[in-house]
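Going down the list, the protein sequences come from chains A and B.
With this note's numbering, letter number 24 in the first sequence gets 24, and the count goes up by one each step, no holes.
With this note's numbering, letter number 45 in the second sequence gets 1045, and the count goes up by one each step, no holes.
Keep in mind the hints are simulated off the structure, nothing from the lab.
Backbone N, C-alpha and C define an ideal beta-carbon position, used for all residues, glycine too.
Heads up, incomplete: computed chain B residues facing chain A, CB under 7 Å, no partners named:
(1) GLU1014
(2) THR1018
(3) LEU1024
(4) SER1025
(5) VAL1035
(6) VAL1039
(7) CYS1044
(8) MET1046
(9) VAL1048
(10) CYS1049
Quick list of in silico lysine-lysine cross-link-like pairs, DSS-like style, CA-CA up to 30 Å:
(11) B:LYS1005 x A:LYS52
(12) A:LYS423 x A:LYS101
(13) A:LYS202 x A:LYS333
(14) A:LYS423 x B:LYS1005
(15) A:LYS201 x A:LYS333
(16) A:LYS202 x A:LYS247
(17) A:LYS201 x A:LYS336
(18) A:LYS86 x A:LYS101
(19) B:LYS1005 x A:LYS164
(20) A:LYS141 x B:LYS1005
(21) A:LYS101 x A:LYS333
(22) A:LYS411 x A:LYS355
(23) A:LYS236 x B:LYS1005
Some but not every residue of chain B turned toward chain A, in silico, with C-beta under 7 Å:
(24) ASN1016
(25) THR1017
(26) ALA1020
(27) ALA1021
(28) ASP1029
(29) SER1034
(30) SER1036
(31) GLY1041
(32) LEU1043
(33) GLY1045
(34) PHE1050
(35) LEU1068
As a plain string of letters, each chain reads:
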Amino acid sequence: MNRNASDILIVGGGAAGMSAAFAATSGGGTNITIVDDNPHLGGQIWRAELGKVRNADAAKLIEAIEAGRIGVVNSAQVFAAVSENKLLAETPNGTTEFEYKKLIIATGARERFLPFPGWTLSGVFGAGGLQALVKGGLNVKNKRIVVAGTGPLLLAVADYLNSKGANVVAIVEQASARNINRFALGLWNSPAKLIQAAALKKRLFRIPYLTNTWIANVTCGSPRVSKGVTSNAAIKSLSLNLNRNGKTQTIECDHLACGFHLVPNTELAALLGCKIEDGFVSVDGFQRTSLNNVYCAGEPTAIGGVEASLVEGKIAGYAAADNEERSRELFTKRDKTRRFGNALNTAFALRGELKTLADNATIVCRCEDVQYEKLAAFDDWRTAKLQTRCGMGPCQGRICGPATEFIFGWKPGPVRPPIFPVKLENL
Amino acid sequence: MITIKLNNSDISVEENTTVAASILSSGVDAFRRSVSGEVRGPLCGMGVCFECRVTIDGVRHQRSCTTLVADGMEIITDE
Ligand SMILES: Cc1cc2nc3c(=O)[nH]c(=O)nc-3n(C[C@H](O)[C@H](O)[C@H](O)COP(=O)(O)OP(=O)(O)OC[C@H]3O[C@@H](n4cnc5c(N)ncnc54)[C@H](O)[C@@H]3O)c2cc1C
Ligand code: FES
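Just chain A, with the same shape it has in the complex:
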């Protein structure tokens, strides 16, 4: 087994983790390591495109990290904790043990997915999911794409796909125009965001933004199974039925990119025993968790966008480097990003109608193929899990857990190691 010992260990190389690392060095910390499961730094918003991070600010931050004395371990996924201050990560070369004095958890968020008839068809992706695939080299030029679900991520994804030559047919947003407008008005308090929003609106003005609208179901004309390699990637079209204020509208497209805002990745924090409240990791002003030497920054503490992740990362980084004065200077800024995050989450709250999208035969747990009707009979996650295997597959309930929490109100069960499936020889 490989070993690594750091004074400050950071799990997650996204906006929060990188800004924590940079603050920790500039605050006087030494012997700092970032461990991340992607091949490149950047996290979600700054995910590398064919190996390169395009955003100028992010590229600068990465350069500073690589030039500074910060260790970066990519393609390493933390899956377990051994003893009080050691974590295990699976890497392409086996398991590495990471020992730390202080730990900063910056594991980000994932998309929330909700089951509806047809959501398991190929051609249906997450919204951020399709964006990530395109950043990984998938060509979407001239593809007809519908971006659907909820949240500001839909706009970012539509903008991105548009810039890659896709034909974004519509953006389908379940939230009401009233809620979104109220949220947009709140942006007057943050001019930078307002300018961003205005620029985005200008770029997307040709694309219909259908509010109060959601996907009822998706079908595919001919069964979409292709295993043979073809020179001309022939895609069979998807037919989407939308529910628009009670009326049905049908749209044809090649891909559906659909996600319902974000859920925090709290598994590592929960595994270590950090206090979790209402689904998020509890932290104090210095981003310290209920464990004295463990900090948490970015989306596991609240869904608040990249600005929130950056400032929380800084606060945690300074604090972990014993430079609490510099952390304190950022409290006001952090609190402002929190208010923005709260307004965002209120504006894009899920409507109750989405709980009834799945029909009896719709698969809810994609790992174990558990259908809605099998689950509807149970009162809680634990019993459903034991009786149906829902949530027992390799994703460990990361996809069906947030869905069943929304649909049935089931609270997630305790987190057990390994938090990601690991090859036997690496356990």
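Place chain B with the ligands on chain A using the hints.
Below, chain B with the ligands alone, put in the same frame as chain A:
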């Protein structure tokens, strides 16, 4: 450009492409079969849903969305 073998056909892809992107770009949409036999492909694109699993260089159940292509890599889907 580098050359990989996808379901026994040679294809050439740009460096730093993910295995998932190169599979989709080749017109293949059957990544794996679900436990009840449905065809599945990538959902999350970020390594959490495990829907994009394929066989890479003989090792089964590898997440194709978080793996980058390498010269001579052999990928089998829908096993
Ligand atoms: C798919 C997706 C796409 C998004 N795209 C955009 C966008 O285009 N624009 C935008 O404004 N916002 C986007 N967001 C929202 C985005 O999450 C935030 O804006 C920003 O990336 C948050 O930064 P963060 O550092 O808190 O988390 P992240 O950027 O998510 O970084 C967390 C990092 O930790 C890694 N990690 C998690 N668990 C482990 C583990 N156990 N071991 C090792 N590494 C681990 C993750 O792989 C990731 O690299 C997206 C979110 C998602 C889920
Ligand atoms: S697409 Fe979800 S794990 Fe690869």
